[in-house]
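We have chain P already, so just place chains X and V on it with the hints.
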Amino acid sequence: MLSMQNISMVYRTDTVETHALREFSLEVGEGEFVAVTGPSGSGKTTFLNIAGLLEKFTAGKYVLDGKDVSSLSDADTSKVRNEKIGFVFQGFNLIPDLNVFDNVDVPLRYRGFNGAERRRRIERVLDMVGLASRPKHLPSQLSGGQQQRVAIARALAGEPRFLLADEPTGNLDSSMAMSIMELIRSINEEGTTIIMVTHDPTLADMAGRNVHIRDGRVSDMSSDMQLADVANG
Amino acid sequence: MFNYYLKLGWLSIRTNPWLSLLMVAAIGTGIGACMTILTVNHAMSSNPIPQKSEVLFHVQLDSWEAGEPGPDGYNPPDQMTYRDAIALQEEAPAFRSVANNRSGLVLEPEGGDENPYTVDIRNTWADFFPMFDLPFLYGSGWDESADENREAVVVLSRELNDRVFGGENSVGRTVRMSGINFRVVGVIDEWLPVPKYYDVTNGAFNLPEEAFIPFTFAIEQDLPRNGNTNCWKPVDGEGRDAFLNSECAWIQFWAELRNEEEEAAYMSWLNAYVEEQKVLGRFPRPLNNRLNDVMEWMEDRQVVEDDAQVMLGLSFLFLVVCLLNTIGLLLAKFMRKTGDISVRRALGARRSDLFLQHMIEAGLIGLGGGVLGLGLTWLGLRGIEVLFGDFVEHLVHLDWQMMLTAIALAIVSALVAGLYPTWRAMQIMPASQLKTQ
Amino acid sequence: MQFGPIWRALMRNKTGAVLIALQMAVTMAIMVNAISIIQTRAESMSRPSGVNEVDTFYLSSIGFNDNFNEQVAVMEDLAALRAMPGVVNAVQTNSVPLSGGGWSMSLATEAGSDVDTTGTAIYFVDEHGIETYDLKLVAGENFAATDMTWRTPEDSTWPGTALITIELAKALFGDDNWQEAVGQTIYIEETQPMTVKGIVERMQAAWNGWDGVERTTLVPQNTAYGGSRYIIRAEPGQRDTLMPQVEEMLAASNRDRLIRGLNTMEETRERSYQGDSSMIKLLLFTIGLLLLVTALGIVGLASFSVSRRTKQIGTRRALGASKADIARYFLSENLLISGVGVVLGAGLTIGLNIWMVDAFDLDSMNALLIPMAMAVLLVVGQLAVLGPARRAASVPPAVATRTI
Chain P
52 MLSMQNISMV YRTDTVETHA LREFSLEVGE GEFVAVTGPS GSGKTTFLNI AGLLEKFTAG
112 KYVLDGKDVS SLSDADTSKV RNEKIGFVFQ GFNLIPDLNV FDNVDVPLRY RGFNGAERRR
172 RIERVLDMVG LASRPKHLPS QLSGGQQQRV AIARALAGEP RFLLADEPTG NLDSSMAMSI
232 MELIRSINEE GTTIIMVTHD PTLADMAGRN VHIRDGRVSD MSSDMQLADV ANG
Chain X
79 MFNYYLKLGW LSIRTNPWLS LLMVAAIGTG IGACMTILTV NHAMSSNPIP QKSEVLFHVQ
139 LDSWEAGEPG PDGYNPPDQM TYRDAIALQE EAPAFRSVAN NRSGLVLEPE GGDENPYTVD
199 IRNTWADFFP MFDLPFLYGS GWDESADENR EAVVVLSREL NDRVFGGENS VGRTVRMSGI
259 NFRVVGVIDE WLPVPKYYDV TNGAFNLPEE AFIPFTFAIE QDLPRNGNTN CWKPVDGEGR
319 DAFLNSECAW IQFWAELRNE EEEAAYMSWL NAYVEEQKVL GRFPRPLNNR LNDVMEWMED
379 RQVVEDDAQV MLGLSFLFLV VCLLNTIGLL LAKFMRKTGD ISVRRALGAR RSDLFLQHMI
439 EAGLIGLGGG VLGLGLTWLG LRGIEVLFGD FVEHLVHLDW QMMLTAIALA IVSALVAGLY
499 PTWRAMQIMP ASQLKTQ
Chain V
3 MQFGPIWRAL MRNKTGAVLI ALQMAVTMAI MVNAISIIQT RAESMSRPSG VNEVDTFYLS
63 SIGFNDNFNE QVAVMEDLAA LRAMPGVVNA VQTNSVPLSG GGWSMSLATE AGSDVDTTGT
123 AIYFVDEHGI ETYDLKLVAG ENFAATDMTW RTPEDSTWPG TALITIELAK ALFGDDNWQE
183 AVGQTIYIEE TQPMTVKGIV ERMQAAWNGW DGVERTTLVP QNTAYGGSRY IIRAEPGQRD
243 TLMPQVEEML AASNRDRLIR GLNTMEETRE RSYQGDSSMI KLLLFTIGLL LLVTALGIVG
303 LASFSVSRRT KQIGTRRALG ASKADIARYF LSENLLISGV GVVLGAGLTI GLNIWMVDAF
363 DLDSMNALLI PMAMAVLLVV GQLAVLGPAR RAASVPPAVA TRTI
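Chains as they are written, first to last, in this note's numbering: chain P, 52 to 284; chain X, 79 to 515; chain V, 3 to 406.
Hints are supplied without guarantee of correctness; some may be wrong.
Stated by the list, open to error - In the DSSO-like style, the derived pairs of lysine-lysine whose C-alpha atoms are separated by at most 27 Å in a straight line are:
(1) X/311 x V/172
(2) X/85 x P/130
(3) P/118 x P/107
(4) P/112 x P/130
(5) V/16 x V/313
(6) X/130 x X/274
(7) P/118 x P/130
(8) P/130 x P/107
(9) P/187 x X/85
Note that these hints are calculated values from the structure, not bench results. Values in this document were obtained by computation on a predicted structure and should not be read as measured data.
Isolated chain P, as found in the complex:
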């Protein structure tokens, strides 16, 4: 599903060179649920940005869904993001001027679906996240958990192959966090590949596999595998 080989990412300013990722490699299979953990500054966010095609990398090869996406044009990466990747952000990142329905509508608009198709999809995903009754609410009128459900609905509306979640529960209290995690797991069970970045080991335990990043490299894969086995068991 996702294959990264020897990806390097170097940020350069006039005076400093920062290596955010060094020869980073990762394979994620179809239908997997992978948690990516690591201390802050380890390169987690850079990995997420590259995996989500939000940022270009310096060297290496990235194959997504059988297609080399290492050097796509800006318009093509936009298309890939739109069709294949769903994003769930820590800060929900809903557009405050748009109501629930219109927020979920955003990626579908760029996909070019007709009105009926968009409506069908929006109603389906809102129903799935349990917000079918509130399409006209503005983000500011919803609780944090509800906002994150909208964000998840928005990520799923385009039926992506692959969901990227960045600390999806980071801004939520624990009971809400659990229900969001349940939702994410159920999405995975329906066949969507999920990569979740988190610093919280409890959440990481809920994934099928753990990848630990340290200093821009994948580290200590075996123990992660073990932990993943425990969690799965």
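Same frame as chain P, but now just chains X and V:
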């Protein structure tokens, strides 16, 4: 997608109503200033007779004194002497031609209830009416025989016919002016050439005369002349005939020449005529005859005044200030939405999607500015009327063409102003995190 | 407050600042050039006509049938007018200063057709002309009743005497010799001699745009061309009551003519300069609007800049900056931007002026206008940024610790 972007634009405008209003106000003010002045200039520089302006020629003969500037410097005088005008009228090979001048007579109403009043008169020829396409309400112009026989006939303006005859068909009835009974042969309908091209010497933005009578009759009766008269030589002797024989220029002369051959033939006739006159001791200056069609003549006379052009220039600079203003405000507005834009990018918006979205938002603000600008233009024109008085009142109005121009200018301005801010918005990278500071 | 750090901060985010500076520059170019035009117009309008404008009015009498004997009517009318209570004096004349319609001729100091001539405006008056127009005789003497002749379509011979203005005397006899003009002979229509009987200080011609507007000749003639114009000077304060009385009296005294064109000198001046005074008003309005637009633009951008930097402001406050420090930061920032703008504006102003002088034959501007406009724009900039600066100053230090 267009509708979607319209909706987004509208939402964005509603989100920052004050900032949006400020932009609409800036564009509206700029458009209002420009369009007010543009409308005035448009009226001043409009073609008063578009269907025929290229076949109507103002004729100038350089009969002025050698070595001395005349009424128009070293250019030929803009009017003609009686001798030359009659020679051209009777002999020159034009399809049509008219010598004409301005006059005024005292009209004595019948019954004597109303006091006598003065009426603006144009002394002219039968060809005047078909040549300048005058619309007739009743009757028609007079026949050429009336010119030849010096008949006391008159064509009335609609207003004068309303005043004298209560708007009835007055053809065949009599008007008494300065002690002479004139027989009405026609009444013209509304006719307001702007500029008044057939006699810019006596005011390019004056109203047309209230009545038209045969030039030949006016000469025979020695009726008064009201127009501009310029002489470079003292009149030799006293009385009418001495004046008619003088070098005083006081007659507007127009010819209708239907094609280039006619124009060339006419010009060579003029030159031959002047050479002939030189033998007789007239025309001391070098050969310098002119034929200008209507728009060339308006240009030559600088009918659009310098003031109007200065104001036009300043008002466009004003629009530039308003646009700089709008660029700044649009930039502020778009940069305020950095987070939203990066989320849209993450969700798959291409740069071209952002371009359309933001240009449409700018266009929407332009539309608002255009509507406001139209209102301000209307107010501005009322202001100009108050300031400059009479002439503007008749001439300047906001037609469909100008209204569409206003809206189009506003939208185009806003789009131009939107280019840079939109470009900046397009550079915003997709991001996984909303940065608030 | 040091400008250094503010300048460096500006340089890192210059688009907004550049836009404001450009806007100020163009505003200044428009403003200064508009004011320069206003000054020229106002100067031309402030030239005195030389005649009493407050108490003077005029009208025309036009005979319209054969019963009308103009020469008799003029004498009767003038006698009646001068006898009216409230009238200082009245005279028959052909034209009125600034009215736009008049008679001009060429004069020379020698007879003949190949001599240098000087253009002059001609006013026909009688010995009451000086008092009616309220002119100041500075040399020689007024006409006497015996100087008067009639000018008719049958006889257009010029009389033997004339009064001229100082400006005309200078044009004819040289700037330093104008006083010696009295008693000299001048020639009109190439050969007809007139003796200069006196010199009046000033009297404008009918055309305010003519460069010889003060070159005027008074000629002692009454005219009989079918239409007569009377100019009447009222006792101070009597003009408006007198006008309808005069109109009525003249209309009633002779039924074979009509009276029209009743106007005051004040109206005439107003109409004469209507284009100029309208242009002045239009330009003043434009300048006002322009300053408003520029000021609003500054308010808008400064507000944006304040809200964008709320956290930074809070941090500064937390680090000990006083409210006044914060306000001063934004005022100083605007001063820097405006400073660049007006310097740029000075260049733009001069460029625009050079172009306008070239294209429209305007006078060059007074260079003093540039520093004045700079000062005005700097003040406008400071006033505009005052509101946003105060809003910035009221940001609480606690904002620094807020995460969103």
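Worksheet item: Hint by hint, which ones does the structure fall short of?
Response: Violated hints: none at all, because every hint is consistent with the structure.
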